[in-house]
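**Student:** Sequence:
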Amino acid sequence: MPKYVSSFFISSLIFLIYSCTNSNGGESGKSNPQDSVVDKKQKASLSKKSSPANQNKQNQKQTNPLKHKPQPVSKKEFKKAPYLNLSPEKVVETVGTLGKKTWYGLYLMNNKLGYYNSDWQVETRDDKKKYVINLQKMHVEMKNLKGIKKFDILMKLVYQGFGKGILLEHLITQITPFEKKKYILKYVEPGVYSLDVISSSNNFNKKATKYNKKIKGERGGLGESELALILKISQGPSNWNQSKTWKMRKFFHSQGKISEELLKIDRVGKTVLSGVKTDIYYSTMKSFEPQSSYAGILNSSGVMIKGAIGSFIIKKEDAEVAKNIGIKQDIGYGIMIGTKLTGFDHQKTKELKLQIKGPFPQVKFFNDHRYNLKKLGKEKFVLTLKKDKIQGLELNKKKLPNQFKKYLVATHSIESNNTIIKELARKAVGQTENPVEQVKRLTDFVKKYVTDKMWYDFDSAVHVAKARKGDCTEHSLLMVALLRSLGIPARRVGGVGFIQLDKSGFGYHMWVQVYLGKWIDVDPTWGQFPADPSHIIMGSANEFEWIGAIGNLEITQIK
1 MPKYVSSFFI SSLIFLIYSC TNSNGGESGK SNPQDSVVDK KQKASLSKKS
51 SPANQNKQNQ KQTNPLKHKP QPVSKKEFKK APYLNLSPEK VVETVGTLGK
101 KTWYGLYLMN NKLGYYNSDW QVETRDDKKK YVINLQKMHV EMKNLKGIKK
151 FDILMKLVYQ GFGKGILLEH LITQITPFEK KKYILKYVEP GVYSLDVISS
201 SNNFNKKATK YNKKIKGERG GLGESELALI LKISQGPSNW NQSKTWKMRK
251 FFHSQGKISE ELLKIDRVGK TVLSGVKTDI YYSTMKSFEP QSSYAGILNS
301 SGVMIKGAIG SFIIKKEDAE VAKNIGIKQD IGYGIMIGTK LTGFDHQKTK
351 ELKLQIKGPF PQVKFFNDHR YNLKKLGKEK FVLTLKKDKI QGLELNKKKL
401 PNQFKKYLVA THSIESNNTI IKELARKAVG QTENPVEQVK RLTDFVKKYV
451 TDKMWYDFDS AVHVAKARKG DCTEHSLLMV ALLRSLGIPA RRVGGVGFIQ
501 LDKSGFGYHM WVQVYLGKWI DVDPTWGQFP ADPSHIIMGS ANEFEWIGAI
551 GNLEITQIK
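The numbering used here puts the first residue of the sequence shown at 1, with every later residue one more than the last.
Rather than coming from a laboratory, the hints here were simulated on the basis of the structure. Source: prediction; values computed, not measured. Do not take every clue at face value.
Capping the alpha-carbon separation at 30 Å, the derived lysine-lysine pairs in DSSO-like fashion look like this [claimed, not checked]:
#, residue 1, residue 2
1, K466, K210
2, K257, K213
3, K156, K79
4, K257, K180
5, K100, K186
6, K277, K69
7, K257, K216
8, K375, K350
9, K469, K210
10, K101, K306
11, K422, K406
12, K306, K277
All chains should be built: construct the whole structure from the sequences, respecting the hints.
**Tutor:** In structure tokens:
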């Protein structure tokens with residue numbers, strides 16, 4: 001989350017949202033979605049005022065943080081946009097001024113979640129040359145139903161301060177109470193980087209899991225860095241050569257690939273800062289991988305003073321203010337979408353028709369036989385959901401079409417080629433070689449095997465297999481790894497599912513889509529094969545538009 005909005009903002013926010021809301025989805029992720037995850041004392045203390053439905057209504061009235069929405073950017077416009085390309089030497093000169101340490105507060109639906117800071121430094125090494133170091137830190141802690149969730153993300157980037165300004169190293173460290181994960185991206189040669197991912201947990205096993213791959217593609221150097229963009233914008237509109245749009249190449253660490261994002265200045269405004277009338281710039285940041293768009297306001301120095309994805313806000317603050325978190329509201333309840341469904345039964349209901357108001361994300365429904373979305377107007381939809389039919393499902397693993405093979409690939413999080421995962425999968429399915437029966441047995445197995453604990457945060461299927469604890473995030477992570485180890489295409493998806501606590505509503509949740517001749521939804525957290533029709537997909541691992549929907553959706557049943 002640098003001084004302008006970057007891909008780190010997206011990747012970190014993914015980590016944040018999935019840790020927060022999918023524990024709320026793990027929230028929803030008790031063994032039975034009809035069971036409350038609140039103990040008796042908590043349940044007795046919940047007043048009508050703090051019920052999910054009422055909190056949701058209160059929060060929705062408070063979510064228009066910028067009065068500026070991301071503007072549309074077409075794929076054609078994105079492709080034609082020029083790359084930001086400043087002289088590395090010019091960027092080095094600004095480190096002591098524009099690159100000074102800057103602090104931000106992080107908020108979700110007006111609740112302080114944590115802070116973020118970024119600092120730029122110049123270092124002269126033994127070769128007498130200058131190198132530019134960017135250090136970033138994000139700290140998040142939140143109250144979520146049964147406890148406090150905490151994590152830190154640290155980032156270090158090392159650039160040449162000379163020549164082409166090559167990015168030499170990009171180190172990202174994710175730290176939770178149960179897992180430490182490092183992404184180490186290193187320059188090898190022009191167009192080639194090496195990525196090492198090391199994941200460890202001292203709670204149950206000292207031995208780390210390791211993953212390595214070569215990444216082909218040019219990663220933007222110092223001339224495309226966040227500091228370069230700040231410098232460009234600080235020069236003012238008269239020096240932008242009539243261009244108000246720039247593209248940067250970034251490292252999308254959670255997917256282990258080079259991606260691109262675009263910053264577009266939508267309009268110039270005026271404000272008074274420290275008693276002086278000055279320009280501010282309203283902007284849109286757009287990326288197609290991951291799929292995302294968000295808005296920001298930058299000051300005349302090019303530094304972001306406020307940014308937002310829906311009701312998630314980042315605000316420039318003094319250090320002491322930023323670090324003062326003061327956890328108050330329970331996020332688990334605050335983000336629920338209060339809704340009553342008449343006559344709905346998780347086991348028996350086969351079809352559900354809903355009206356949705358708000359920024360529902362553009363989702364690619366792989367199994368559109370289950371999802372039918374009809375747009376009625378601006379931010380108004382009718383969604384018809386059907387329970388998948390399992391009759392007639394079959395899969396020939398030996399004749400799998402090429403387009404599905406990417407859903408069999410092992411990754412640094414989904415270690416489907418690991419011996420532990422392979423042996424566990426075989427144990428779970430027994431002697432059957434029927435893919436449909438294998439999926440059914442795995443759904444039941446994962447539900448029983450992983451104890452539902454919302455304060456566990458793992459980004460490794462192997463760690464989930466060893467710890468045997470987690471929420472819906474961990475259930476779905478392990479499930480996909482087990483499926484892929486058996487040659488069955490699968491992917492994780494996120495969205496909402498209907499739950500019943502003291503009040504009913506849609507809670508943010510994660511589950512699995514599996515290919516058995518056609519895509520179907522299954523939920524290992526709730527033990528559902530297939531998943532009940534209340535599961536509403538809002539995004540996959542590369543689709544994050546749904547983040548903007550948090551706190552901004554209304555869902556009502558159409559009878």
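**Student:** The structure should be examined with respect to each hint, and the outcome stated for every one.
**Tutor:** Going through the hints against the structure:
With a CA separation close to 16 Å, the supplied pair K466 and K210 stays within the 30 Å bound. Annotation: proposed proximity of K257 to K213 holds, straight-line Cα distance about 10 Å (limit 30 Å). Between K156 and K79, the direct Cα distance comes to roughly 29 Å. Compliance with the 30 Å bound is thereby established for this hinted pair. With a C-alpha separation of about 21 Å, the suggested pairing of K257 with K180 holds against the 30 Å cut-off.
With a C-alpha separation of about 25 Å, the suggested pairing of K100 with K186 holds against the 30 Å cut-off. Taking the CA atoms of K277 and K69, the gap is near 23 Å; set against the 30 Å cutoff, the hint holds. Distance check on the hinted pair: K257 and K216 sit about 8 Å apart at the alpha-carbon level, within 30 Å; holds. The suggested pairing of K375 with K350 holds, with an alpha-carbon distance near 22 Å, which does not exceed 30 Å.
As the CA atoms of K469 and K210 are separated by approximately 21 Å, the hinted pair is consistent with the 30 Å bound. Of the supplied pair hints, the one linking K101 and K306 holds, its CA atoms being roughly 16 Å apart against a limit of 30 Å. Of the pairs offered as hints, the one joining K422 and K406 holds, with about 18 Å between alpha carbons and a cut-off of 30 Å not exceeded. Taking the CA atoms of K306 and K277, the gap is near 18 Å; set against the 30 Å cutoff, the hint holds.
In this structure, every one of the numbered hints holds.
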